[in-house]
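Peer 1: Turn these sequences into a full structure, and let the hints guide you.
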Amino acid sequence: MDIAIETSRLTKTFGQVRALNGLDLRVRTGEVHGFLGPNGAGKSTTLRILLGLIRATSGQARVLGADPWSQSGAVHARLAYVPGDVVLWPNLTGGEIIDLLTSLRGTPPSADARAHRERLVRDFDLDLTKKGRAYSKGNRQKVALIAALASDAELFLLDEPTAGLDPLMEQVFQAELVRLRAEGRTVLLSSHILSEVERACESVSIVRAGAIVETGTLADLRALTGTHVRATLSDGQVREATMPAAEVAAWVAGLGASVAALTAAPPTLEELFLARYADELPADLTRERS
Amino acid sequence: MSPYAGLGRLLRLAWRRDRLLIVLSGLGLIVLAAGSAQATFALYPDPAQAQGELAGVFDNPATVALYGPLASHSLDALANFKTLFMGAILLALLAHAIVRRHTRAEEEDGRAELLGAGAVGRRAPLTAAMALSAAAVLVISSLAAISLIAVGCQATGSWALAVGWVGLGLTFTALTGVAAQLASTSRGVAGLTLGTLAVTFLVRMVADTAPAPWLHWLSPFGWITEIAPFGANRFWVLAVALAVCAALAAAAYRLQSERDLGAGILPVRRGPATGSLHSVADLVARTARPSVLGWLITMVVLGAVVGSLVGAVGQMVSDPKVAEMLEALAGGAGSIEDIFLRTELLFASAAVTAAALAVLGRLSAEERSGRSELLLSRPVPRLRWFLAHVALAVGLAIGLLLILGMVIGASSARSLGVSIADQVPRLAGAALAMSPAVLTVIGAGALLHGLSARWGTAAWAVLAVGFLLGEIGPTMNLPQWLVNLSPFAHLSQLPGGALAGTSAVVLLALGAAGVIAGGAAYVRRDLA
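These protein sequence lines map, in sequence, to chains A and B.
Residues 1 to 290 in the numbering used here are what the first sequence spells out, letter by letter.
Residues 1 to 528 in the numbering used here are what the second sequence spells out, letter by letter.
Possibly wrong hints are sitting among the right ones.
[Stated by the list, open to error] What the simulated footprint calls covered on chain B by chain A, stretch by stretch (three residues with Cβ under 8 angstroms from a Cβ of chain A suffice, anywhere in the stretch; the number is not a length): (1) 269-282; (2) 365-372.
[To be verified] Quick list of in silico lysine to any residue cross-link-like pairs, SDA-like style, CA-CA up to 25 angstroms: (3) 137(A) <-> 370(B); (4) 137(A) <-> 274(B); (5) 137(A) <-> 368(B); (6) 82(B) <-> 59(B); (7) 82(B) <-> 324(B); (8) 137(A) <-> 227(A); (9) 137(A) <-> 116(B); (10) 137(A) <-> 105(B); (11) 82(B) <-> 30(B); (12) 137(A) <-> 265(B); (13) 137(A) <-> 156(B); (14) 82(B) <-> 159(B); (15) 137(A) <-> 182(B); (16) 137(A) <-> 287(B); (17) 82(B) <-> 351(B); (18) 137(A) <-> 121(A); (19) 137(A) <-> 365(B); (20) 137(A) <-> 528(B); (21) 137(A) <-> 324(B); (22) 137(A) <-> 261(B); (23) 137(A) <-> 267(B); (24) 137(A) <-> 139(B); (25) 82(B) <-> 109(B); (26) 137(A) <-> 194(A); (27) 137(A) <-> 186(B); (28) 82(B) <-> 205(B); (29) 137(A) <-> 375(B); (30) 137(A) <-> 262(B); (31) 137(A) <-> 82(B); (32) 82(B) <-> 346(B); (33) 137(A) <-> 527(B); (34) 137(A) <-> 254(B); (35) 137(A) <-> 266(B); (36) 82(B) <-> 139(B); (37) 82(B) <-> 304(B); (38) 137(A) <-> 182(A); (39) 137(A) <-> 109(B); (40) 137(A) <-> 369(B).
Hint data in this document are derived by calculation from the structure and do not stem from the laboratory.
Even glycine gets a Cβ: it sits at the ideal position worked out from N, Cα and C.
Peer 2: Right under this line is the structure:
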């Protein structure tokens, strides 16, 4: 099984609103996959269908080889989820909530798992004795993150897990992503923090208005979108162009031997992303960028 | 900047947010007071008759504990006897809610920070909250006095009652202001204030039943007894209330200046770092624990009061009108004491149903808050989560009825002078005989919650309509087919009457059908 998540022509309507409009998402086993899109593009709806919390209006979804709606129990036993907006029980402590969520997975935690939980609590610097109502947004997110990361799941569905974390905790989270990747686990990371996705993910899907508008490895997307090259010639002239990476060598060769300085920058994820949304930006912003 | 800068705007904002709460609860309180006074006047056209018959009932220690001593033997005092403290408690709760909502709740949710960053003085939010509450207390109490006078109560006594309410309302306004500085959560404020309310009410109970009148001065409720509306009418007692109120308000400002925004004076309570909850059933039981405990205590107190009152029922219903009403409520079979107990059990069964619906309502509350998403993304079958709530609701309903029946049995055995070994199982059985109707409404609730988190609230309407048709309907001469729509109309007439076996089976089957259909719908629908 090398496909962890696959959806085809997934649609979901809520009354008059069409939240998903033929979404085709494909996540390979063992990859950290970035799921990008602005608020309201359909990221959370997709995740909730993948969890079997809501049913797709039409289309197919397979998660770890099973139908997430009819076989949700079997699927849930193998995945861990962090919701975008974590709400906790006001009168339970963080420690109680983490242990509850862990024991709901069925198997009693091993000594290793206990140690792993302790380490996560230390790294994320979470006070476990506070009641749910006393936590800040970031700390609520830590509770859900620790409960998910402490589990032995094969697949991690993370819905904007770092929106409330400070930069230090963001580092801890990145380190955890590296660990998950090294252990061969699959992660679907929904986010709009592009730098986070760029650092952690090998492939991304960009969703817009309920459909995937771009998907692939970051390397492929960069190659497609083009590399920005800027050459300063020995006479002081500056030449600039954007082209597929493969053509850069030929372009430089065409300049002759008089190149004094040369920079070639692959497009950033931000540029890739904004290119798919250029028409939605205010006109004066687009002009400024070009 | 003045410490009160922005007070006017904050006051308008607070009024805008609370006007419905204030107007509706104020109206309710006024209707309750004037309506029950008028009902008493209508029941006893001849005052002398009332005084002769009812003296025994009002000397009963349970009655004195609940409602206080009768201020005088006038019909006016009698007419306001039940509403005097009930209204005062409602007013205190309203004052508490208003002040808490605009102080600690605002800080807890971060809205106070948003407002505080503007041109708002340090003392303005607390002042606005207390001022709105004080105004509500004054206006509602005055209107209540005017309405009482309008239905024929003596004017001085009516104003004395209003003064009693004002004293208590203002005291709880300032007290909540202090609690909002001490506790760092809105719930903590409620705990402190409502705890004080319960303790001071108990002090008043002890003062009146011991009797130890000096204890009155330690309790804001005792001040009302000292004012004695429709009796001595001692208006000057209000000065005590105002002095305490001023001291509390000063303390609130003082404490506020000692603390940071968002922090409380009392330390935040902590809990265990590791959990002992291992299943959704554990979780459901744990989150319901405080309210379950509250209901248990309520049932024990209610059972003790009802049981001790039953001894005086013979005297009370020598009036044929009261006997007629009780018979209409409970059906005619058995002795007058049995009819009285049956009426009380019927009313209590509505309260028990409410307790069970509140537990059931958590299913939808968890869904709306997003917490069930956290659970149901784990390998937890939806049906198990659904049934955990239904099971707790059913268990709670049956447990509460059983305890209520046993306590009524024990305390009524004492006041009637019959064998406790006979009376306890007799009343426990009678209380359990109420369960089919309770379980039918739970079934309807399970169906509604199963269908949609939004429709779950309609379960309360099912209870309200069922209760009105089935329990109040017969006294209003509603057509029988309408009354028969209510599950409460088909209960056994126990104690004293016949067991309605077939109806019980039908009601239980309806309840079970509701649960099954609700569960089937819940596992098939989208979660909010």
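Peer 1: Is the hinted pair residue 137(A) and residue 121(A) satisfied, with a Cα-Cα distance of at most 25 angstroms?
Peer 2: holds (16 angstroms)
Peer 1: Keeping to a limit of 25 angstroms between CA atoms, is the pair of residue 82(B) and residue 59(B) held or broken?
Peer 2: holds (14 angstroms)
Peer 1: For residue 137(A) and residue 139(B), compute the direct alpha-carbon distance and say whether it is at most 25 angstroms.
Peer 2: violated (41 angstroms)
Peer 1: Regarding the pair residue 82(B) and residue 159(B), is the alpha-carbon distance no greater than 25 angstroms?
Peer 2: It holds: about 17 angstroms lies between the C-alpha atoms, which stays within 25 angstroms.
Peer 1: Residue 137(A) and residue 368(B): Cα distance at most 25 angstroms?
Peer 2: The given pair, whose Cα atoms are some 18 angstroms apart, holds under the 25 angstroms limit.
Peer 1: With the threshold set at 25 angstroms, check whether the alpha-carbon distance from residue 137(A) to residue 156(B) stays at or below it.
Peer 2: violated (56 angstroms)
Peer 1: Taking 25 angstroms as the top limit, are the C-alpha atoms of residue 82(B) and residue 351(B) close enough?
Peer 2: Holds - the C-alpha atoms of residue 351(B) and residue 82(B) are around 19 angstroms apart, at most 25 angstroms.
Peer 1: Is residue 137(A) within 25 angstroms of residue 227(A), Cα to Cα?
Peer 2: violated (39 angstroms)
Peer 1: Can the restraint linking residue 137(A) and residue 265(B) be considered satisfied, given a maximum Cα separation of 25 angstroms?
Peer 2: Satisfied, since the Cα-Cα distance of roughly 23 angstroms is no more than 25 angstroms.
Peer 1: Given the hinted pair residue 137(A) and residue 375(B), is their Cα-Cα distance within 25 angstroms?
Peer 2: Cα-Cα ~19 angstroms, so holds.
Peer 1: If you draw a straight line from the CA of residue 137(A) to the CA of residue 261(B), is it 25 angstroms or shorter?
Peer 2: holds (18 angstroms)
Peer 1: Taking only the CA atoms, is the gap from residue 137(A) to residue 370(B) under or equal to 25 angstroms?
Peer 2: holds (14 angstroms)
In summary, the structure is inconsistent with hints 8, 13, 21, 24, 25, 31, 34, 38 from the numbered list given earlier, while agreeing with the others.
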